[in-house]
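Participant: Protein chains in written order, with my numbering: chain A, 1 to 114; chain B, 115 to 225.
The set of hints was computed from the structure by calculation and includes no laboratory data. Where is the CB? At the ideal position from N, CA and C, for every residue including glycine. Treat the hints with caution; some may be incorrect.
As the list claims (entries may be wrong) - Pairwise CB distance ranges, derived in the manner of DEER restraints:
1. B/171 x A/114: 41 to 47 Å
2. B/136 x A/58: 43 to 49 Å
3. B/141 x A/16: 37 to 43 Å
4. A/22 x B/153: 21 to 27 Å
5. A/26 x B/155: 14 to 20 Å
6. B/141 x A/11: 34 to 40 Å
Claimed, not checked - Coverage of chain B stretches by chain A, computed from C-beta distances (three or more under 8 Å per stretch; other residues unrestricted):
7. 153 to 161
8. 186 to 198
Stated by the list, open to error - Below 30 Å or equal to it, Euclidean Cα-Cα: the simulated DSBU-like pairs (lysine-lysine) are:
9. B/192 x A/101
10. A/67 x B/125
11. A/2 x A/56
12. A/67 x B/192
13. A/2 x A/42
14. A/67 x B/128
15. A/101 x A/67
16. B/125 x B/192
17. A/56 x B/192
18. A/2 x B/128
19. A/56 x A/42
20. A/67 x A/2
21. B/125 x A/42
22. B/125 x B/171
23. A/2 x A/101
24. B/125 x A/101
25. B/171 x B/128
26. A/42 x A/101
27. B/192 x B/171
28. B/192 x B/128
29. B/171 x A/42
30. A/56 x B/125
31. A/56 x A/101
32. A/56 x A/67
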Amino acid sequence: QKEVEQNSGPLSVPEGAIASLNCTYSDRGSQSFFWYRQYSGKSPELIMFIYSNGDKEDGRFTAQLNKASQYVSLLIRDSQPSDSATYLCAVNMPNAGNNRKLIWGLGTSLAVNP
Amino acid sequence: GAGVSQSPRYKVAKRGQDVALRCDPISGHVSLFWYQQALGQGPEFLTYFQNEAQLDKSGLPSDRFFAERPEGSVSTLKIQRTQQEDSAVYLCASTLADTQYFGPGTRLTVL
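Same shape as in the complex, but just chain B (with noise of 0.2 Å):
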């Protein structure tokens, strides 16, 4: 069966570029999440998505990202204007109950 996928797998961007990430979770899959992990680090929580509702945000770092789900399957993280810190690689989690599923990540570089 098909896991959580994520598009493109790497992205390098010069600063200032606006960035689109796409996570496509397990079908079914009522939650999804965003990651944002750095080297050497664990997975730092971004936001949140019950269905298409965005439930919790609290965790995008400022308001250059932005996150939506409209139909309540496919998401995509955008960043704005990327800077250098916003390098990392970032995940998608969907989840059955409690287990959250992880996709293979997008490692995005900003130069």
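Chain A on its own, in the form it takes in the complex (with noise of 0.2 Å):
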């Protein structure tokens, strides 16, 4: 079992509705999560971070963390053409030794068609 684990994808939904990543984790001990998101050819850029169990908002995205289940997921309302993109979940591992190190999943590839 990889330590990060995403749906590769490709998940495509239509302009206007909700699209969901998930991610789960392996490490009980992890209490930083973080997602983000990596257009083509460009370096990943933060979109939000969650630490404590239930939902975080931020505009049209929403972070839900479900620490018993070891489950983080990211909820994208209203998703634009602009939203295409590779999501990417990390998440710290302080059992791997370093509480700073993030391990990270391969990413989600996300296609909003218009």
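If you follow the hints, you should be able to join the two separate chains into one complex; please do so.
Facilitator: Dropping the structure here:
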């Protein structure tokens, strides 16, 4: 089992729909969870971070964390073609000996169709 | 404000050449990470600095890879005797609290 798993996609949604991106992780001690967006040929850029169980909303984006299920998700409401990108989930792994080290998923490719 | 910068943006090397990749972090950011990202993959951790101290180098794939940050600011990733499998994008990130901010990356192609 990979330490951070994401469905590679591609996930295809129509413009205006809700896109749901999922991520599971293996280390029960993980405390910090990040979603990054990466456009083709560009570097990752931070969308949101979440530390506590529950939902965290920022504009059209909502991160959801369930530590008991070791699951973090990102919802994108009113999806726009400009949201088409790869979404990377990153999780800290304190049991790996370095609390600041992030383990990254392979990313989910999202395509928003006009 | 200035973000993380990296140079060169693109580097083509012949197999066996040595290369040096530079990262200028955001001013005041204590922690700095280097990652390797292959096409279609997520970033893979290489090494981590806190100020000038290299606290974790467990991700460096071989002893041909070496990183330094002598004054706790600019960092250099050096790859000796490059091989074709070293071809990738090398990303640098500096951190504020737990959040990592990435530079544009250096795309290394080894022929």
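Participant: Could you run down the list of hints and mark each one as holding or not?
Facilitator: Comparing the hints with the structure gives:
no., hint, in the structure
1, B/171 x A/114: 41 to 47 Å, "holds (46 Å)"
2, B/136 x A/58: 43 to 49 Å, "violated (33 Å)"
3, B/141 x A/16: 37 to 43 Å, "holds (41 Å)"
4, A/22 x B/153: 21 to 27 Å, "holds (23 Å)"
5, A/26 x B/155: 14 to 20 Å, "holds (18 Å)"
6, B/141 x A/11: 34 to 40 Å, "holds (38 Å)"
7, 153 to 161, "holds (count 6)"
8, 186 to 198, "violated (count 0)"
9, B/192 x A/101, "holds (21 Å)"
10, A/67 x B/125, "violated (42 Å)"
11, A/2 x A/56, "holds (26 Å)"
12, A/67 x B/192, "violated (39 Å)"
13, A/2 x A/42, "holds (25 Å)"
14, A/67 x B/128, "violated (47 Å)"
15, A/101 x A/67, "holds (19 Å)"
16, B/125 x B/192, "holds (13 Å)"
17, A/56 x B/192, "violated (40 Å)"
18, A/2 x B/128, "violated (34 Å)"
19, A/56 x A/42, "holds (26 Å)"
20, A/67 x A/2, "holds (17 Å)"
21, B/125 x A/42, "holds (16 Å)"
22, B/125 x B/171, "holds (23 Å)"
23, A/2 x A/101, "holds (16 Å)"
24, B/125 x A/101, "holds (27 Å)"
25, B/171 x B/128, "holds (26 Å)"
26, A/42 x A/101, "holds (22 Å)"
27, B/192 x B/171, "holds (13 Å)"
28, B/192 x B/128, "holds (15 Å)"
29, B/171 x A/42, "holds (25 Å)"
30, A/56 x B/125, "violated (40 Å)"
31, A/56 x A/101, "holds (23 Å)"
32, A/56 x A/67, "holds (14 Å)"
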